[in-house]
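There are 2 protein chains.
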Amino acid sequence: MKNKSIKIAMIGLGTVGSGVWKILTQQRQLLEQRIGVPIEIKWVAVKSPRKKRPLAIPKTCMVSQINSIFLDPEIQIVVELMGGVTEAKEHVLQALKHQKHVVTANKALIAECGSELFHAAREAKRDLCFEAAVGGGIPVLRALREGLAGNHLNSIYAIINGTSNFILTEMFQQQMDFSVALKKAQSLGFAEADPSFDIQGIDAAQKLAILIAMAYGVEIPAQNIHTEGIESVSLLDLQYAQRFGYQVKLLAIAKSQQGKIQARVHPTMIPENSMLAAVQAENNAVLFDGDFVGETLLYGKGAGSEPTASAVVGDIIEIARNIKAGVSEAVAPLGVNVESLRPARIEPMDMLKSEYYLRFQVTDRPGVLAKITQILSQLQISISSVYQHGHEAGGKVSVVVLTHLAKEKNLQKAIIKINQQSFVYAPTTLIRIED
Amino acid sequence: MKNKSIKIAMIGLGTVGSGVWKILTQQRQLLEQRIGVPIEIKWVAVKSPRKKRPLAIPKTCMVSQINSIFLDPEIQIVVELMGGVTEAKEHVLQALKHQKHVVTANKALIAECGSELFHAAREAKRDLCFEAAVGGGIPVLRALREGLAGNHLNSIYAIINGTSNFILTEMFQQQMDFSVALKKAQSLGFAEADPSFDIQGIDAAQKLAILIAMAYGVEIPAQNIHTEGIESVSLLDLQYAQRFGYQVKLLAIAKSQQGKIQARVHPTMIPENSMLAAVQAENNAVLFDGDFVGETLLYGKGAGSEPTASAVVGDIIEIARNIKAGVSEAVAPLGVNVESLRPARIEPMDMLKSEYYLRFQVTDRPGVLAKITQILSQLQISISSVYQHGHEAGGKVSVVVLTHLAKEKNLQKAIIKINQQSFVYAPTTLIRIED
Numbered sequence: 006m007k008n009k010s011i012k013i014a015m016i017g018l019g020t021v022g023s024g025v026w027k028i029l030t031q032q033r034q035l036l037e038q039r040i041g042v043p044i045e046i047k048w049v050a051v052k053s054p055r056k057k058r059p060l061a062i063p064k065t066c067m068v069s070q071i072n073s074i075f076l077d078p079e080i081q082i083v084v085e086l087m088g089g090v091t092e093a094k095e096h097v098l099q100a101l102k103h104q105k106h107v108v109t110a111n112k113a114l115i116a117e118c119g120s121e122l123f124h125a126a127r128e129a130k131r132d133l134c135f136e137a138a139v140g141g142g143i144p145v146l147r148a149l150r151e152g153l154a155g156n157h158l159n160s161i162y163a164i165i166n167g168t169s170n171f172i173l174t175e176m177f178q179q180q181m182d183f184s185v186a187l188k189k190a191q192s193l194g195f196a197e198a199d200p201s202f203d204i205q206g207i208d209a210a211q212k213l214a215i216l217i218a219m220a221y222g223v224e225i226p227a228q229n230i231h232t233e234g235i236e237s238v239s240l241l242d243l244q245y246a247q248r249f250g251y252q253v254k255l256l257a258i259a260k261s262q263q264g265k266i267q268a269r270v271h272p273t274m275i276p277e278n279s280m281l282a283a284v285q286a287e288n289n290a291v292l293f294d295g296d297f298v299g300e301t302l303l304y305g306k307g308a309g310s311e312p313t314a315s316a317v318v319g320d321i322i323e324i325a326r327n328i329k330a331g332v333s334e335a336v337a338p339l340g341v342n343v344e345s346l347r348p349a350r351i352e353p354m355d356m357l358k359s360e361y362y363l364r365f366q367v368t369d370r371p372g373v374l375a376k377i378t379q380i381l382s383q384l385q386i387s388i389s390s391v392y393q394h395g396h397e398a399g400g401k402v403s404v405v406v407l408t409h410l411a412k413e414k415n416l417q418k419a420i421i422k423i424n425q426q427s428f429v430y431a432p433t434t435l436i437r438i439e440d
Numbered sequence: 006m007k008n009k010s011i012k013i014a015m016i017g018l019g020t021v022g023s024g025v026w027k028i029l030t031q032q033r034q035l036l037e038q039r040i041g042v043p044i045e046i047k048w049v050a051v052k053s054p055r056k057k058r059p060l061a062i063p064k065t066c067m068v069s070q071i072n073s074i075f076l077d078p079e080i081q082i083v084v085e086l087m088g089g090v091t092e093a094k095e096h097v098l099q100a101l102k103h104q105k106h107v108v109t110a111n112k113a114l115i116a117e118c119g120s121e122l123f124h125a126a127r128e129a130k131r132d133l134c135f136e137a138a139v140g141g142g143i144p145v146l147r148a149l150r151e152g153l154a155g156n157h158l159n160s161i162y163a164i165i166n167g168t169s170n171f172i173l174t175e176m177f178q179q180q181m182d183f184s185v186a187l188k189k190a191q192s193l194g195f196a197e198a199d200p201s202f203d204i205q206g207i208d209a210a211q212k213l214a215i216l217i218a219m220a221y222g223v224e225i226p227a228q229n230i231h232t233e234g235i236e237s238v239s240l241l242d243l244q245y246a247q248r249f250g251y252q253v254k255l256l257a258i259a260k261s262q263q264g265k266i267q268a269r270v271h272p273t274m275i276p277e278n279s280m281l282a283a284v285q286a287e288n289n290a291v292l293f294d295g296d297f298v299g300e301t302l303l304y305g306k307g308a309g310s311e312p313t314a315s316a317v318v319g320d321i322i323e324i325a326r327n328i329k330a331g332v333s334e335a336v337a338p339l340g341v342n343v344e345s346l347r348p349a350r351i352e353p354m355d356m357l358k359s360e361y362y363l364r365f366q367v368t369d370r371p372g373v374l375a376k377i378t379q380i381l382s383q384l385q386i387s388i389s390s391v392y393q394h395g396h397e398a399g400g401k402v403s404v405v406v407l408t409h410l411a412k413e414k415n416l417q418k419a420i421i422k423i424n425q426q427s428f429v430y431a432p433t434t435l436i437r438i439e440d
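Which chain is which? The protein sequence lines are L and F, in order. Count along the first sequence from 1, add 5, and you get the number used in the working numbering. Count along the second sequence from 1, add 5, and you get the number used in the working numbering.
Hints in this document: simulated from the structure, not taken from any laboratory. The reader is advised that the hints may include incorrect statements.
It does not matter which identical chain is meant; a pair holds if it fits inside one copy or across any two.
Heads up, simulated DSS-like pairs for lysine-lysine below, C-alpha to C-alpha not over 30 Å straight-line [what the hints assert, rightly or not]:
| # | residue 1 | residue 2 |
| --- | --- | --- |
| 1 | K329 | K12 |
| 2 | K329 | K102 |
| 3 | K260 | K64 |
| 4 | K265 | K27 |
| 5 | K130 | K12 |
| 6 | K9 | K358 |
| 7 | K27 | K260 |
| 8 | K94 | K376 |
| 9 | K9 | K130 |
| 10 | K52 | K27 |
| 11 | K265 | K57 |
Take the sequences, apply the hints, and build the full model.
See below:
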């Protein structure tokens, strides 16, 4: 095998694909030193091979017939970077069927079809790597699967949607409203024209599903994760958070207790001096709490062409080293044997106990606070702080309440009841607190 | 091989050894699920097998004759946790010679004898892993060797001495003097009775040598790294730092430009809103700047029985997975072929360009500031801020100067010249600034 190059084929040449091309060509020498053999991109499969592209890719590499790359016996690794689910899944399955190792950055694909693909990889005795699917360039899955593998994870707290974190950071730092910050994110390329996938928390939920699958060796559909986005967070909430010593972040949270897994994505208040609170702009971070290692955080760029490509190339290097060493499947995709995967036992959201920030929007008249506190107390919700300051136009005012640990079920009941009161002029804002 | 246990031998049962024993016994089931086969500790080599110990270790496991574990053909992995260099090195070489894979947490051993051991591992075709040697439980070496392997690293900034970070944090938060904070660290077990190894920066320099070796595929003796500790940092400096928007940390820094490596350990002022500034108490963090991935930070517990043991067990899991997959040496100890290692080309400290914080301790009389600024200007050192406030007893005063980018060589000349002035009553403090 010595010095014989390892040949790969890429499917897709968009943002991430271009980054992968750049790294593999610009770092050719470095990679050869680190792997022991050179990596050669033999094929790049794209829909329109004749399209003008900024990269100087030899025409002879470009191919539109994807099947031809699966049939090429020289190809050892297929890198799927086309995005989408249905077609991408077909290609990954075909690649595995033809005994190719697969690298993908496709989080939706892994979140939705992971289990099927892991079984196919197992059957083909080939590697399936997807480091770039969570946290972009941050080697977060590898840390989980290898470095921290001696630990049971008590909890995972993750900032894994760069768009949401960028918007929340801008809102706070520039004292902007949500809609203004969203437009800025769009103009800078940190948010899509249709941003709903990011700002509704769906992207974060898909990534959390992958983290949970790997951390606990379970199958978990992203749609079973309780998911709230940042749309309902106002500048006012960020300002109140600061007053109480908190920052608001869109957190993806998993906790494991007695075999049950808590899984949720929602805006969360966290102490302003915590490491996660220091994660600014479009950056991502994942905080693992392992039973032996304690709190371990990984931070970096969660998106973008080059950071994401860096993670894809990390996977290519791992597989290439294994090929050179004459082994495949040294590590299963999730770090555990795929046959041992079982459906996750998810704790219903109703069972959650948390501290809460509640902002009631009320007309300022006598008895309002008495009524609110009475309803909360009837539902065993104990108050730790109350804050009311000044007036808005028309005698409207925000009453902010922080609670001690309370049951989510009771909280939701209380909010419904309070929202029905005549003095409430707009729905109550609820943000959970993690200390 | 299926389900046949992998048998290991441990040398040493101190702080880290006890932690490793705990993880391997308490997480037995979890590890078997993650590796595919159970891990069994067959031997624990200690100097006094009959000594009373808190752990319930079967007497039949304990052995005082270390040679017997090398001669046992069933042992596949030897875990060296005795510490020290001379004896530990002998054991590691013996283990490799007898075809055992080796895991060690011994930073001094790797920093001082790494090259020789890597060659021995290569010859034996066995793995030599040492994740725990840098950053305790944080999987920092694995990230460097695998996840970020597609990058050339522009720089590494590391807080890798927990003792120093604890002392600096205490000084700042409790407004304590160095000596008081040191005593507190000692009483809490965060500093040794003789703390010089930690507070003089030697421990950090050894770890930086390992990081540099892995990042750049070079050999670098720790004693070639410019090393300053935190002893000369006073509470006053931390207070001034805050005034200018900085925090003071003991940083281990490596930068690579045009094939030359800058390597230094010293107290450093960093922006107070940076991720590294948020690293409190005894925690560690390493910030990599890769040419494609950008800034990536790993944070966690850099010492202690269980975090360090977590890293050791991560290494054991990696090797065990490789054994199960029928491969050894999938990844070379430094991530590059040991034959390609060459001595590091270190940039002389004199060549450094940096911004500086200077605190002159002078008698308050007319012309002092004029003389200081004149000397600085003669040496092409341009000032960005000056601060002088109030008096100390006897007309003594601190004059604080922040410089623009200046040459280290000129700075040192200026300080010598200024320290010779009659108005200077105590040596000038210099802290480098990284923005």
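Here is what the structure says about each hint:
1. K329 with K12: both (12 Å within a copy, 26 Å between copies)
2. K329 with K102: both (21 Å within a copy, 24 Å between copies)
3. K260 with K64: Close neither inside one copy (50 Å) nor across copies (38 Å); limit 30 Å.
4. K265 with K27: Cα proximity of K265 and K27: across copies only (24 Å, versus 44 Å in one copy).
5. K130 with K12: both (18 Å within a copy, 26 Å between copies)
6. K9 with K358: neither (58 Å within a copy, 44 Å between copies)
7. K27 with K260: Between copies only: 23 Å across, 39 Å inside.
8. K94 with K376: Classified as neither; 55 Å inside a copy, 73 Å across copies.
9. K9 with K130: Intra 22 Å, inter 21 Å, cutoff 30 Å: intra and inter.
10. K52 with K27: within (20 Å within a copy, 55 Å between copies)
11. K265 with K57: neither (52 Å within a copy, 39 Å between copies)
Checked against the numbered hints listed earlier, the structure breaks hints 3, 6, 8, 11; every other hint is satisfied.
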